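Asks: Below, each chain spelled out in residue letters.
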Amino acid sequence: MSDLLAARSQMAVSLGFHIIFAVIGIGMPVLMVVAERRWQKTGDPIYLELAKRWAKGTAILFAVGAVSGTVLSFELGLLWPTFMRFAGPIIGMPFSLEGFAFFTEAIFLGVYLYGWDRISRRAHLLAGIMVAVSGVASGIFVVTANAWMNSPTGFDLVGGRAVNVDPIAGMLNPMMFQQTLHMTLAAYAATGIGVAGIHAVLLLIDRENAFHRRALAVAMMVGAPAAALQPLSGHHSGQVVARYQPAKLAAMEAHFRTGPRAPIELGGWPDMDAREVRYAIPIPGGLSILAFSDPDAVVEGLDRFPRADWPNVPIVHFAFQLMVALGTYMAIVALWAGWLAWRRQDHASHRGFLRALSVAAPMGFIAIEAGWTVTEVGRQPWTIYGVLRTADAVTPMPGLIVPFLCFTVLYCFLGLIVVWLLYHQIARSPRPTEWSRRYTPAGASSA
Amino acid sequence: MPDLPLADVLAAILALSLAAYVLFGGADFGGGVWDLLASGPRKARQREVIAHAIAPIWEANHVWLILAIVLAFTCFPEVFARLGTVLHIPLSLMLIGIVLRGSAFIFRSYDTEELKAQRRWGRVFAIASLATPVLLGVCIGAVASGRLVPPADGDFVTGFVEPWLTPFALAIGLMTLTIFAFLAAVFLTLETHDPELADDFRRRGLIAGVAVFVAAFAALALAPHGAPLVQRALVSSTWAMPFHLVTGAVAVAVLAALWFRKYRLDRRRDASSLYRGRVGAGTVSLYPSPGSHGNGSGRARPHAAPRPHCAGGGRCDPAPVAAVSFPGVQELPGRPGRAWRVRR
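Note that the protein sequences, when read in sequence, are chains B and H.
Quick note, the first sequence lines up with residues 1 to 447 if you use my numbering.
Quick note, the second sequence lines up with residues 1001 to 1344 if you use my numbering.
Just so you know, the hints here were simulated from the structure itself, not pulled from any lab data.
Treat the hints loosely; a few may be bogus.
Where chain H lies over chain B, by a calculated footprint (3+ residues, C-beta under 8 Å) [claimed, not checked]: (1) 65-73; (2) 95-102; (3) 144-158.
A few chain B residues that don't get close to chain H, going by computed Cβ distances all over 12 Å [stated by the list, open to error]: (4) 85; (5) 87; (6) 285; (7) 396.
Bear in mind that the values here come from a model prediction, so they are computed numbers and not experimental data.
Glycine is no exception: its CB is placed at the ideal position from the N, C-alpha and C atoms.
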């Protein structure tokens, strides 16, 4: 394994690990606030129990997210010193703002966790809302920095250095809006559908459990709208990528030959020697419509770019298809949920729906990892698109495979423990003593 | 206001945030050290007090470290790139320590069912708490040595190991550890109402205080060879004498307060004194030193000329600012103050 590949892999593992916690840190506070609001309105103690558990989940994940985020901020310099030397002054702005948002989130999470009996109900709910808002804000700032790497603006390139730096213009880069929107929706969809899916599994086993019924309802309220809107945001993303990163779009769609009426290749495997996609189902003109809303539009293919500037086409194409497939499935489940709600049917008793939802539980997170693979691998061989190559950004330090392996083992181990803890702390239904005195579910004669 | 170079102001803010990290985060690490060294008849209760004082949410203390990093790469990208390259190994090890410490603590807090698992997490937490400050100090010491030249092609050891594996850097590592342990012991005297327990921590504080002095003098003795810049700043700058007098006086006062069991007073003084020492080292660290100058035309370093004399001791020493502008900060974000102490 070359040092460059080791450095890229270490970055991929660190980001892939951190992103899960970041995403739940954005989504879970919303669940917790919605549950608390419902408790305040209805007085149903199960909602209070849910709010408290989700707050605990937020705290566990927030702490793991905080340490893995600290690691990432160091790794930028440890692995990519040349990149940071160039980009530091430009993307420092969103990172500093992210720091403030993170700080706000920490303070209000503290107030929320320890303030149940100390501040008024309204103030407590407000603290929860602040946690949710600052969680979203910090996500937006970090993704803004990444969007800058895809469409760098706010500086002039003179003799290989950035001069006349304007960090605000750097933040308002062309990719910023669509990337942050897509990521924010993804965070809500993945967390909401993920939590709902877990409770759907538990409801399939214990169908009258009032705790899981309420949890499912709240989680779907957050996850379903986001999942249903995500395809629209994705379509918009595709159009922006077509305009600013045509090579990435060509790799995503495995589109080798420039031309009008570009097809969409569903599935299949790109044959890099023959420069065509095998075993795919083509939809003629599909890509032209998606990218430029015109079936006859010319879509640039990989043939427009020197071979050395191609990303890894099979990986990007596969990851993209995976993301779209999972996102589509989640959107369909979300629309189904909306349909059931409109027909005033009970989601929690509809076994077909519960099965479909339980399958969807991990999908949002897989789709997010796949989506990040698309955007990161698709940007290669560039770290800053069109400006700095990844091979030139990497540290001269030899033997990078050692830290890569260490961090990989560490993160795998932590991931397993977090999953185990979360199950025990949050998803498992409360022991009867915890709430049966307060509430007995309808139809449960002996609990 | 005389013209204050932007680089100095930024460096001062950076040093402040690093000081804040040491102040708030440092006590968390120190808590882990005392967890590891818990002993005597009140062993279990000592650990309880420590766990109680560091709730997992206070991983948020890392925000200070992140702030320092972000400032470093925004304002001094050249420096940041050099540090990331030459100090790759100790920084990576420190990161592993930070991750293990933080997560082991959370797991211990929430994994309440099995005593054996508890103890296992406790050990990971404590050992990581011990190693991480040493590594942090080694990095700071290596920076202060002024010898972080960009690695030339070829030898791995000369390029990536020798710059930080020096007696001076190790002495600073040791000093960092003892400072963290001292801080934690002082904070912990206030975390309990039990006079016996408070006395345990008082004794530990006194021992750690003496250890801080020993480590500091070791570092000073090694400085002429190991970090000539720091040595010059600490000995011959105009501010050196008053700086030493004030630091020394406060340090003695802290130990005296600890001796006479005036814990509240102690906590205040402690915050203003020790951080002076740390801030001194931190300020030095920002300045590119002669010999490590490299191709330094970094744009965000408008006044790139090294000015070590201002660094270690004096002119822009932000410690008093820290004391003035963050008087009650330990009640606010970093440390759960008594106002919202957790009731579980």
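Asks: Compare the structure with each hint and give your call.
Replies: Quick rundown of the hints versus the structure:
no.	hint	result
1	65-73	holds (count 7)
2	95-102	holds (count 4)
3	144-158	violated (count 0)
4	85	violated, 4 Å
5	87	violated, 8 Å
6	285	holds, 46 Å
7	396	violated, 6 Å
Consistency with the previously given hints fails for numbers 3, 4, 5 and 7, ordered from lowest to highest.
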